[in-house]
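Heads up: the protein sequence lines correspond to chains W and L, in order.
First residue of the first sequence: 1, per the working numbering; consecutive thereafter.
First residue of the second sequence: 274, per the working numbering; consecutive thereafter.
Don't take each hint at face value.
As the list claims (entries may be wrong) - Quick list of simulated restraints, FRET-style, between CB atoms: (1) L:G310 with W:T180: 36 to 46 Å; (2) L:R324 with W:R31: 47 to 57 Å; (3) W:A155 with L:P384: 45 to 55 Å.
Claimed, not checked - Here are a few chain W residues that face chain L, going by a calculated C-beta distance under 7 Å: (4) I76; (5) R152; (6) L156; (7) C176; (8) L202; (9) M205; (10) A212; (11) K237; (12) I241; (13) R245; (14) D253; (15) A256; (16) L260; (17) D267; (18) F271; (19) R273.
As the list claims (entries may be wrong) - Residues of chain L placed beyond 12 Å of chain W at every Cβ, according to the derived structure: (20) D288; (21) S312; (22) R313; (23) I314; (24) P326; (25) R368; (26) F379; (27) A413; (28) A421; (29) R431.
FYI, nobody ran anything at the bench for these hints, they're computed from the structure.
Don't be surprised by glycine CBs; every beta carbon is placed ideally from N, CA and C.
Each chain, written out:
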Amino acid sequence: MPRPTAVEQQLRARARELLEKREVAGVLGFRAGTLPGTCVPFLATEPGDADRLVLNRDCAANLAAWLPRLRHRGRIAVVARGPDSRSIVNLVKENQVERDRLHIIGVADPDDTQPVRNPVVFDEFLGERAPDSPPDDYADIREFEALPPAERWQALLDELSRCIRCYACRQVCPNCYCPTCFVDASRPAWVGRTPDPSDNVLFHMVRAIHMAGRCVECGACAKACPIGIPLMIINRKVSLIVRDRFGSVPGTDPDAPLPLTAFDSEDREEFIR
Amino acid sequence: MMADTNPVPSTVSGDFEPRIVAFLCNWCSYAGADLAGISRIQYPPSIRVVRVPCSGRVDPFYILKALQQGADGVLVSGCHPGDCHYLTGNYVARRRFAVLHDLLGFFGIEPGRVSFSWVSAAEGERFAEVVREVTERVRALGPSNRLADARLTEKAERAG
Ligand code: SF4
Ligand code: SF4
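Taking the hints into account, I'd like the entire structure generated from these sequences.
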């Protein structure tokens, strides 16, 4: 076991205190996974659990994804880095989480590749704030877009053809809380339940559309994918569309409506006849 | 709904006659199509109309599914901005369509496979014009194959 970092020590002390005083029913954070270099979400419910909490770059999940499921457990404290907090902002807007039943422990994201590392909302902040990340220029997306359309299609088709439709990407995503996902509906069966390339592309395009204005680029889906499909290229394109067209960066403004539930009568419509 | 579309690819019968699924809103574009009909305005018989209550009812999924199931093109048409029967349905739809439009481009799907238009109940001539335009564009592109389910084509070929 590596020695706990300063922020981990603070986090453990604070979690123990919250649990001892019974201010919360649980503290949602991470613990070390069974394999080296992995972390898994963990709900500490006893003061004795507090010392198992960790926070490092291997913490790949977005903790907000667990909050709708913990809704009936009473008041929950949640450790929130930039992306977790952005998803919390979204889930509150979508009425999946009650803000006043959450105690948000903000921490800087140890992952310095995150576009937003510091939490957007929190009730208390532990440790040091991370320096602001440089503005995202979406260079990866622009580079891909410079390829001819046929090459882009082939590249995405090749990647998506490898999808085994395990839905791990969906299971870890904080945006995917629907009781019945469109891919699981059987009456009607909207999407063929086969890993045929056309069914895979259909699944991934619709998934991407469902993420519009909601995806916070936490990367949890891509890290969960057992096949290593580069899902972020699709998610980041969607973010870019939403930013360019509607001026929205998901989960960064608690007061703004979700862009796909709103409109501006002056929205660009150059693609409409 | 889409399960009923005939999966036989349009090329089987020789000349390519595009098959276009048109989602028309009940209050404007469908009425516009009706007006074109009763005014005996000629337009290509390429479209298969699905009447929807509002362009806001058109889930981008329907559009993609139509392409997967063998449509060569899709047209979505609703009331002009400001004229929506439900006041704002088409404004909300417009954002959704914008995302789909940009995403299709990113995936390398030919621009022109999927078209959007606003046609009012009074615009019979405009409706016919839109259909002519969309049909010509899709005809020029040829049969859609990028999103189409190859299993359907194979099945149709086997059936001769
Ligand atoms: S789709 Fe976006 S929000 Fe969901 S897990 Fe992936 S990166 Fe995170
Ligand atoms: S996790 Fe990967 S393999 Fe599984 S459904 Fe998602 S993209 Fe496909």
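Evaluated hints:
1. Distance hint check: the CB atoms of L:G310 and W:T180 are about 39 Å apart, consistent with the given range 36 to 46 Å.
2. As the Cβ distance of L:R324 to W:R31 is approximately 55 Å, the hint placing it in 47 to 57 Å holds.
3. Hint check: W:A155 to L:P384, Cβ distance near 18 Å, so the stated range 45 to 55 Å is violated.
4. Residue-level restraint check for W:I76 is violated (minimum Cβ-Cβ distance to chain L is 33 Å; threshold 7 Å).
5. Given the 7 Å rule on beta carbons, the hint for W:R152 holds: about 4 Å separates it from the nearest Cβ of chain L.
6. The interface hint given for W:L156 is met, as the beta carbon of that residue sits about 6 Å from the closest beta carbon of chain L, less than 7 Å.
7. The interface hint given for W:C176 is broken, as the beta carbon of that residue sits about 15 Å from the closest beta carbon of chain L, more than 7 Å.
8. Interface hint status for W:L202: upheld, as the beta-carbon distance to the closest one in chain L is roughly 5 Å, under 7 Å.
9. Given the 7 Å rule on beta carbons, the hint for W:M205 holds: about 6 Å separates it from the nearest Cβ of chain L.
10. Given the 7 Å rule on beta carbons, the hint for W:A212 holds: about 5 Å separates it from the nearest Cβ of chain L.
11. Proximity of W:K237 to chain L holds as hinted, the smallest CB-CB distance being about 5 Å (cut-off 7 Å).
12. This hint holds: W:I241 has a C-beta 5 Å from the nearest C-beta of chain L, less than the 7 Å allowed.
13. Look at W:R245: its Cβ gets to within about 6 Å of chain L, closer than 7 Å, so that hint holds up.
14. Because the beta carbon of W:D253 sits about 17 Å from the nearest beta carbon in chain L, more than 7 Å, this interface hint is broken.
15. The beta carbon of W:A256 is not positioned within 7 Å of any beta carbon in chain L (closest approach about 14 Å), and the interface hint is therefore violated.
16. Restraint check, W:L260 versus chain L: the minimum CB separation of about 6 Å is within 7 Å; hint holds.
17. Because the smallest distance between the Cβ of W:D267 and any Cβ of chain L comes to about 6 Å, under 7 Å, the interface hint for this residue holds.
18. Hint on W:F271 holds. Least Cβ distance to chain L is approximately 5 Å, under the 7 Å limit.
19. Hint status for W:R273: holds, given a least beta-carbon distance of 4 Å to chain L, under 7 Å.
20. With a cut of 12 Å on Cβ distances, L:D288 stays outside the contact zone with chain W, its closest approach being about 25 Å.
21. A cut-off of 12 Å between C-beta atoms confirms that L:S312 is not in contact with chain W; the least separation is 20 Å.
22. No beta-carbon of chain W is positioned within 12 Å of the beta-carbon of L:R313; the least distance is around 23 Å.
23. With a least CB separation of 17 Å from chain W, L:I314 remains clear of the 12 Å interface cut-off, as annotated.
24. Under the 12 Å C-beta cut-off, the non-interface status given to L:P326 relative to chain W holds; the minimum distance is some 18 Å.
25. At roughly 6 Å, the least C-beta separation between L:R368 and chain W is not larger than 12 Å, which violates its mark as non-interface.
26. At roughly 5 Å from the closest C-beta of chain W, the C-beta of L:F379 falls inside 12 Å, breaking its exclusion from the interface.
27. L:A413, annotated as away from the interface, keeps every beta carbon of chain W farther than 12 Å; the closest lies near 15 Å.
28. A beta-carbon of chain W comes within 12 Å of the beta-carbon of L:A421; the shortest separation is about 7 Å.
29. No beta-carbon of chain W is positioned within 12 Å of the beta-carbon of L:R431; the least distance is around 17 Å.
The earlier numbered hints that this structure contradicts are 3, 4, 7, 14, 15, 25, 26 and 28.
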